[in-house]
Amino acid sequence: MDSPPEVRVSRSFPQEKLPTSNSKSATTSDRVAVGRALDLPVYFGDAGSREVLHKVGAERACAAAITLDTPGANYRTVWALNKYFPNVKTFVRAHDVDHGLNLEKAGATAVVPETLEPSLQLAAAVLAQAKLPMSEIAATINEFRSRHLSELTELCQTSGSSLGYGFSRVAYKAKAQPSDSSDENQVGEGTLAI
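To convert, note that position 95 of the sequence shown is 95 in UniProt numbering; the numbers rise steadily by one, no gaps.
These are calculated hints, taken from the structure and not from any lab test. Here a beta-carbon is modelled for each residue, glycine too, at the ideal position from N, C-alpha and C. Any given hint could be a false lead.
Within a straight-line C-alpha distance of at most 25 Å, the following computed BS3-like cross-link-like pairs (lysine-lysine) qualify [said to hold, decoys possible]: (1) Lys105 to Lys83; (2) Lys83 to Lys131; (3) Lys131 to Lys105; (4) Lys89 to Lys105.
Restraint-style ranges between C-beta atoms, simulated for each label pair [as the list claims (entries may be wrong)]: (5) Glu151 to Lys105: 33 to 43 Å; (6) Leu155 to His95: 10 to 20 Å; (7) Val42 to Ala128: 49 to 59 Å; (8) Leu122 to Tyr84: 34 to 44 Å; (9) Ala123 to Tyr84: 17 to 27 Å; (10) His54 to Leu132: 12 to 22 Å; (11) Ala125 to Asn87: 16 to 26 Å; (12) Gln129 to Asp98: 25 to 35 Å; (13) His148 to Ala128: 16 to 26 Å; (14) Leu120 to Thr28: 50 to 60 Å.
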């Protein structure tokens, strides 16, 4: 019986759980200390570094979702994964269209605009404040989302780009790989490393 694939997901620590002083944001070292105190596996370093990616197990991953705070960090991570771990499919959020196109050039498998869902949530809040019925708000938001994604998908198909949820270009073909049950560290298709 095959074991299910390993899935690893990283997360940021909520600001309210971090120590702060004089209303300043917690430092990176504070975040690392909190994570380690909670007995979480914490890796600190440049996510675009081959060594850091190796430490988090990139060589065993088949996919990575990249959601870092800065365009440069996202770009470096996609580039490094593509160069050093070419079997890892990279799914990344883009800050804007130019950033998305650069991420594709760096080797991203699929690029997702980061502003769509927050913008829809903001629109829903405005409509709720205007006292529209929740059913009408949901229908309006869902219609906009569907239309927007349909337009992006069509654009991606005609341009060959993955920018904007263009998953049509992503091939999810299972690879026939021999299984060596003696290797306890082997991880199959489906691993997600972030």
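Results of checking the hints against the structure:
no.	hint	result
1	Lys105 to Lys83	holds (12 Å)
2	Lys83 to Lys131	violated (52 Å)
3	Lys131 to Lys105	violated (45 Å)
4	Lys89 to Lys105	holds (14 Å)
5	Glu151 to Lys105: 33 to 43 Å	violated (23 Å)
6	Leu155 to His95: 10 to 20 Å	holds (19 Å)
7	Val42 to Ala128: 49 to 59 Å	violated (38 Å)
8	Leu122 to Tyr84: 34 to 44 Å	holds (38 Å)
9	Ala123 to Tyr84: 17 to 27 Å	violated (41 Å)
10	His54 to Leu132: 12 to 22 Å	violated (51 Å)
11	Ala125 to Asn87: 16 to 26 Å	violated (42 Å)
12	Gln129 to Asp98: 25 to 35 Å	holds (33 Å)
13	His148 to Ala128: 16 to 26 Å	holds (20 Å)
14	Leu120 to Thr28: 50 to 60 Å	violated (31 Å)
Of the hints listed earlier, those the structure fails to meet are numbers 2, 3, 5, 7, 9, 10, 11, 14, in rising order.
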